[in-house]
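Asks: Let's have the full structure, built from the sequences with the hints guiding it.
As you go down the protein sequences, you meet chains A, B and C in turn. Per the working numbering, the very first residue in the first sequence carries number 29; after that it's consecutive. Per the working numbering, the very first residue in the second sequence carries number 104; after that it's consecutive. Per the working numbering, the very first residue in the third sequence carries number 83; after that it's consecutive.
If you're looking for bench data, these hints aren't it; they were derived computationally from the structure. Backbone N, C-alpha and C fix where the C-beta goes; we use that ideal spot for every residue, glycine too. Mixed in with the good hints, there may be bad ones.
[To be verified] Across the chosen pairs, the derived CB separations fall in these ranges:
| id | chain 1 | residue 1 | chain 2 | residue 2 | range |
| --- | --- | --- | --- | --- | --- |
| 1 | B | E281 | A | F118 | 35 to 43 angstroms |
| 2 | A | P73 | B | F128 | 26 to 34 angstroms |
| 3 | C | N236 | A | E121 | 57 to 65 angstroms |
| 4 | A | E90 | B | K146 | 51 to 59 angstroms |
| 5 | B | R299 | C | D276 | 42 to 50 angstroms |
| 6 | B | F128 | C | V120 | 53 to 61 angstroms |
[As the list claims (entries may be wrong)] Looking from chain C toward chain B, a few residues come up when the C-beta cut is under 8 angstroms (computed):
| id | residue |
| --- | --- |
| 7 | A95 |
| 8 | V105 |
| 9 | R110 |
| 10 | K114 |
| 11 | P127 |
| 12 | G132 |
| 13 | C151 |
| 14 | V197 |
| 15 | V199 |
| 16 | D251 |
| 17 | G256 |
| 18 | A260 |
| 19 | V261 |
| 20 | D276 |
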Amino acid sequence: MDTAKTHQQWLIEMEAESRSKQTRFINGISTKLRRPMVTEPPRHPYRGAPDFWNAYEWNEQERIERFTSNFRIVGGHVERFTTMDDVTRFIAEKAKELSVKYVIRQNQPELDALNLEGELPEAQVSVWNSDPGQYWKARSAEADFGVVMADYAAAYTGSITVLSSKDKGRSVSLLPTVLMAIIPVERLKTRLGEIMVHFDEGGRESLPAGIHFISGPSRSADIENDLTIGVHGPGVVYALIVG
Amino acid sequence: MSGGHGHSDGATVKERADLAMNNEFLRKAVKFTTERLKGGKLKATDEHGNWEEWRERGRQIRLHTIAHLDYYLNRFVDNARANGVHVHFADTAEEAVHISLSIAERKQAKTVVKSKSMVTEELHLNHALESIGVDPIETDLGEYIIQLAGETPSHIIIPAIHKNRYQIADLLSEDAGEKLEPDTQVLAGYVRRKLRTKFLEADIGMTGCNFAIAETGSMVLFENEGNARMVTTVPKTQITLMGMERIIPSWADLEVMATLLPRSATGQKLTVYMSGITGPRRAEDADGPDEMHIIIVDNGRSLQLGDPEFQELLNCIRCGACLNACPVYRHIGGHAYGGTYSGPIGAVLTPSLQKNVAEWDDIANASSLCGACYEACPVKIPLHDMLIYLRRRKVEQGHGDKIEAAGMKGFATVMSKSSRFKTVLKIGKLGQKLVARKGEIRIKVGPLKGWNSYRVTPTLPKKSFRDGWGTLEAEIRNGLQEMAPEMKNRMEQIVKDRAKGGGHGYGHG
Amino acid sequence: MKVSLFITCLSDAIYPRVGEAMVRLLARYGVKVEFPNVQTCCGQPAFNSGYWKEARTTAKTIIEAFEDCDFVISPSGSCTGMIHHYPKLFEEDSVMHEKALKLQSKSYEFTQFLVQVLGVTDVGATFPHKVTYHPSCHGSRLLGVKDEPLALMNKVKGLEFVPLPFAEDCCGFGGTFAVKMSDISGAMVTEKTDHVKETEAEVLVGLDMACLMNIAGNLRYRNEPVRVMHLAELLYEGVKQA
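Replies: Here it is, written out as structure tokens:
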């Protein structure tokens, strides 16, 4: 290895190599397909789910019921609340019950309003990326509770969707022992497709680095196909539906 | 560590299969789990409904993407670069390994945490990393176990399908330096604690790629444990190895794949985690990799492009449903196939990726052509037909078995004329007198050895059907009923419809 | 309407009783079955092993034997299925390809013909026995013959149907597979007969004599007194009894 070269220089060289390789690589594909390279978007008549599926929709009550049963069947917990105050009370009770010492939450106005810092006097509540000097992954890893707002949820598969940003760490929904995800009821859709359409419509530039669909607690069936909960991700997941 | 073929050391599929079949535990373990997965899949697809329409949609999306792979791959690469990803191309396994090692060296990496990736198995990447002093750590629970055992995965989805909890407890106890109880929770708990620190220390996170979305340059991972999220969230550098055919056009298409893949693989509505990663962390983000590389690997895949008999192989979404459905896989397990990919998909993919005609035959013969793989496949790949095409190519290229070739030539000679067939039956009836007892043949010699080790062979009756036809025909002509008019009408209508291009279907057409 | 019997080499040589049952059963509906005796084998053993040149030689006898009839009926889903491969086999011979397509469109497995073409499900049979059914892979999975045999059995008086556990699993025959990979094949057929035993059925029926020969051979080897028959035989025996 040429250590004199800076890493940046090396990346630039690799990039140049990759671009020249790309032409050969893709040309090879066109040749194998026995036609000139396709450079215009081809017509894709089978894009996405079948029409009958795109018309499929449940009403709010049904979405809540289906989400709940799907999430519970895989070992998740679901609670239903009318107001955010109820959510605060629930999290505070659970924190007390489990003697929680560390909580990490996303840096979002809805979560500021919960006032967990005031309601959980026994615990140290950290707010993701609120101080650039902190090692935030470690703060998440030590946390007993991670508290996030769901960006979307899908009832049909029992999934919560979280998008990353400066204020929304990927670690917060991944590293703590318990995950608390708050789902405002209007964000709960029927199908995955109702969520994915936003990513297609917004396009590349609108997408965050991490989009995660979470459908219950971490699990594995790798030992004798025997279900184990909580292998690497949170073993306890609460979906708190509000509104 | 992962260079070999597990612990089945036979030279041919038949030898390895024999070893596997004498391993009572292996047979039971594989049977138990594949049946459970198969049952789960059927339940999930039934519950979802309209499964045939979903399969067809999945197939069409894959067909379309592969037919325009140049366009979509270019688009993916351009978008991934715009997202800040360093994209690389590798024609061969060696090239992919070289690029991976260069990055690891540049990063002065000591450890690499890996989430499950069949492509890295294909490249024997762990072995290569070790050779330059980098410690590769498999973090999927099953893969971790297999790595400790010094073996390779024997199933695409359940890598340690061939091991029981006692064997696993022994392996993990040795790793832990203390006795661990053979309890799934205890064992998984140990691996969780052990790997937590590894994730936080690792220099590089390495992943495979389930799908790559051309229109946004995103890569998508399906998993249940959370280790793939760890690998793509915690380390500073991410390397993703991606087969060049993993592309789908859009997120809308991902909905279809997300409907097909988990249901077919494990019977889940969706895996616990489905992550779409679009580039390295943004400057203001506090987690996610600083630097992200995607290595696009050919390694024999382009051999199928433009080959009408095999191009559909590239549609495979690596769900493992064909393994779970396959009665042969169930009896011999994954290692008997002797390649990275096992089961029906492995029997076709391994030779197809390698272009090695001489090795084709043995693997392609390990199938009764029952078509269960095709029926289970969520994108309808006709694997049972492909196995026949492989056999044919071998014969055409002169690598056929000499005795079999002579036999087939004789078969064709006999069967090309009914009079010859009749003669052979006559000879058979005379010949069987030597070996038949009470209308049965039980001797275990010559070609009957394998067959009669499990069965009793019936003898030829005195008269074949053609011998008795004259008498039978005369009998039925006497007193033949008049056909009911509605029956006659039905038959005439069918013949008429047929002339219009109707007819009736078979398999995939 | 000319209906011709494609007996298949196996039924011709070893199980003529199956062809006879078919012919006699159909005669009851006024179907006068023809038997073009120039036919031999569908060519599947060669085709599946990769010897397509040899398969073509054999397939030609079948195409020629049935050129002038309106319907071809056969006691095997697998051999009927082989006919569906003929167009691919003769891809590069436009004349034969055309003929192959024609043959394909008029070929029926026996129960398909009975149910789909003649519209018969109740043949008026009585068969007071406990019966289980093995759906052969090529017939059920590839040719799509799934409901027809069940509909026919459903109408047989006195027949007690016991579903076969894991019925759709291959019996392990697979042509040359049973010889080349004899131990895997042996394990598969043993598993199949284990399931047959579980049903406690007196009779096992199917629609393919190759698979039935395999299963019957293993049952006999294990001294299991289960009677194995083609569904055509069962129906005809039931009609005679009624």
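Asks: Next, verify each hint and record whether it holds.
Replies: Each hint, compared with the structure:
1. Checked against the hint of 35 to 43 angstroms, the C-beta distance between E281 of chain B and F118 of chain A comes to roughly 39 angstroms, which is consistent with it.
2. Remark: the range hint 26 to 34 angstroms for P73 of chain A to F128 of chain B is contradicted by a beta-carbon distance near 50 angstroms.
3. Our hint of 57 to 65 angstroms for N236 of chain C and E121 of chain A holds, since their Cβ atoms are close to 59 angstroms apart.
4. Hint check: E90 of chain A to K146 of chain B, Cβ distance near 22 angstroms, so the stated range 51 to 59 angstroms is violated.
5. Checked against the hint of 42 to 50 angstroms, the C-beta distance between R299 of chain B and D276 of chain C comes to roughly 46 angstroms, which is consistent with it.
6. In this structure, F128 of chain B and V120 of chain C meet the distance hint of 53 to 61 angstroms, their C-beta atoms being roughly 54 angstroms apart.
7. Nearest Cβ of chain B to the Cβ of A95 of chain C: about 5 angstroms, under the 8 angstroms cut. The hint holds.
8. Because the closest C-beta pair between V105 of chain C and chain B is about 6 angstroms apart, less than 8 angstroms, the hint holds.
9. The closest approach between the C-beta of R110 of chain C and any C-beta of chain B is roughly 6 angstroms, which is under the 8 angstroms cut-off, so the hint is satisfied.
10. Proximity of K114 of chain C to chain B holds as hinted, the smallest CB-CB distance being about 6 angstroms (cut-off 8 angstroms).
11. A cut of 8 angstroms between beta carbons decides the hint on P127 of chain C: the least distance to chain B is about 6 angstroms, and the hint holds.
12. Interface restraint check: G132 of chain C against chain B, minimum CB-CB distance 3 angstroms, threshold 8 angstroms, status holds.
13. With a least beta-carbon distance of about 11 angstroms to chain B, the hint placing C151 of chain C at the interface is violated under the 8 angstroms criterion.
14. A cut of 8 angstroms between beta carbons decides the hint on V197 of chain C: the least distance to chain B is about 11 angstroms, and the hint is violated.
15. At its closest, the beta carbon of V199 of chain C sits 6 angstroms from a beta carbon of chain B; the interface hint therefore holds under the 8 angstroms criterion.
16. Hint on D251 of chain C holds. Least Cβ distance to chain B is approximately 5 angstroms, under the 8 angstroms limit.
17. About 3 angstroms separates the beta-carbon of G256 of chain C from the nearest beta-carbon of chain B, less than 8 angstroms, and the hint is met.
18. Interface hint at A260 of chain C: satisfied, since its Cβ lies 6 angstroms from the closest Cβ of chain B, which is below the 8 angstroms cut-off.
19. Against a cut-off of 8 angstroms between C-beta atoms, the interface hint on V261 of chain C holds, since the closest Cβ of chain B lies about 5 angstroms away.
20. Because the smallest distance between the Cβ of D276 of chain C and any Cβ of chain B comes to about 12 angstroms, over 8 angstroms, the interface hint for this residue is violated.
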